[in-house]
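**Student:** Sequence:
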Amino acid sequence: DLNQAIGKVLPTSAAMGVHIDEISAALAVMTQRGLDVNEAATALNRMMLAFMRPIDKAKKEFQKLGWAWGRNAFEGIGLEGVLRRLVQASARYGDILPKIFRRQRALRGAFILAGEGFKDYVRLLQKIRDATEGGGEVARAYGKMIGTVAEEVKAAGAKMLKVMYDLWEGKGFKWLGGFIRLLSRYFGKTSLQTNSFPYQFS
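Numbering (the UniProt record's numbering) for the sequence shown: 1 to 202.
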């Protein structure tokens with residue numbers, strides 16, 4: 001279910017040093033492109049695992065490209081930097097994504113985030129960072145995830161949910177509505193003002 005899907009991607013992202021702002025933007029873009037949130041969370045989790053524990057063929061591709069893998073894959077560049085590399089490598093080599101992502105769900109997510117969805121991802125991520133002062137409060141709370149209580153993770157997610165809602169209220173991000181509703185099932189409604197929101201919270 002949704003709890004399992006979100007609960008699966010958060011530990012992996014924390015282990016890889018990927019913050020919740022990057023995760024939220026990625027999930028939002030994938031759901032906008034047709035994946036349900038369970039599929040999106042699974043796809044993103046398997047994408048990160050493909051870098052954490054790559055198969056031998058993928059390691060050869062990483063070596064050819066000069067990319068790190070394992071826990072160092074996202075160091076200093078985050079998910080956005082990795083996706084940008086994938087976009088550039090795809091433009092140069094064409095068939096690079098299937099060589100790196102052997103699992104179908106991971107590949108589907110990669111085709112979205114390193115394809116037509118990349119510009120939406122970057123734009124949304126920047127808006128989230130602007131709203132949270134570069135990750136600030138959300139990133140600090142999220143950084144406590146390993147070895148901490150679930151309530152702190154929920155608090156970080158609830159903050160991100162509020163940021164998403166604030167973006168939805170502005171211009172250009174109405175497509176976030178469905179994702180906000182889905183995300184609320186896991187993180188709760190928090191203090192959202194829902195009078196003008198056209199989606200029913202569960």
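Be aware that a few hints might be false.
FRET-style restraints, in silico, Cβ to Cβ [what the hints assert, rightly or not]: (1) 103 <-> 15: 32 to 38 Å; (2) 60 <-> 177: 38 to 44 Å; (3) 34 <-> 84: 33 to 39 Å; (4) 91 <-> 170: 17 to 23 Å; (5) 53 <-> 88: 42 to 48 Å; (6) 56 <-> 171: 43 to 49 Å; (7) 7 <-> 93: 19 to 25 Å; (8) 119 <-> 92: 17 to 23 Å; (9) 72 <-> 169: 17 to 23 Å; (10) 115 <-> 52: 20 to 26 Å; (11) 56 <-> 174: 28 to 34 Å; (12) 177 <-> 84: 34 to 40 Å.
Source of the hints: derived by calculation from the structure; they are not laboratory data. For every residue, glycine included, the Cβ atom is placed at its ideal position computed from N, Cα and C.
**Student:** None of the hints should be skipped; say for each whether it holds.
**Tutor:** Status of the hints after comparison with the structure:
no.	hint	in the structure
1	103 <-> 15: 32 to 38 Å	violated (18 Å)
2	60 <-> 177: 38 to 44 Å	holds (43 Å)
3	34 <-> 84: 33 to 39 Å	violated (23 Å)
4	91 <-> 170: 17 to 23 Å	violated (32 Å)
5	53 <-> 88: 42 to 48 Å	violated (24 Å)
6	56 <-> 171: 43 to 49 Å	holds (47 Å)
7	7 <-> 93: 19 to 25 Å	violated (35 Å)
8	119 <-> 92: 17 to 23 Å	holds (18 Å)
9	72 <-> 169: 17 to 23 Å	violated (39 Å)
10	115 <-> 52: 20 to 26 Å	holds (22 Å)
11	56 <-> 174: 28 to 34 Å	violated (44 Å)
12	177 <-> 84: 34 to 40 Å	violated (27 Å)
The structure fails to meet hints 1, 3, 4, 5, 7, 9, 11 and 12 from the earlier list, while all remaining hints are met.
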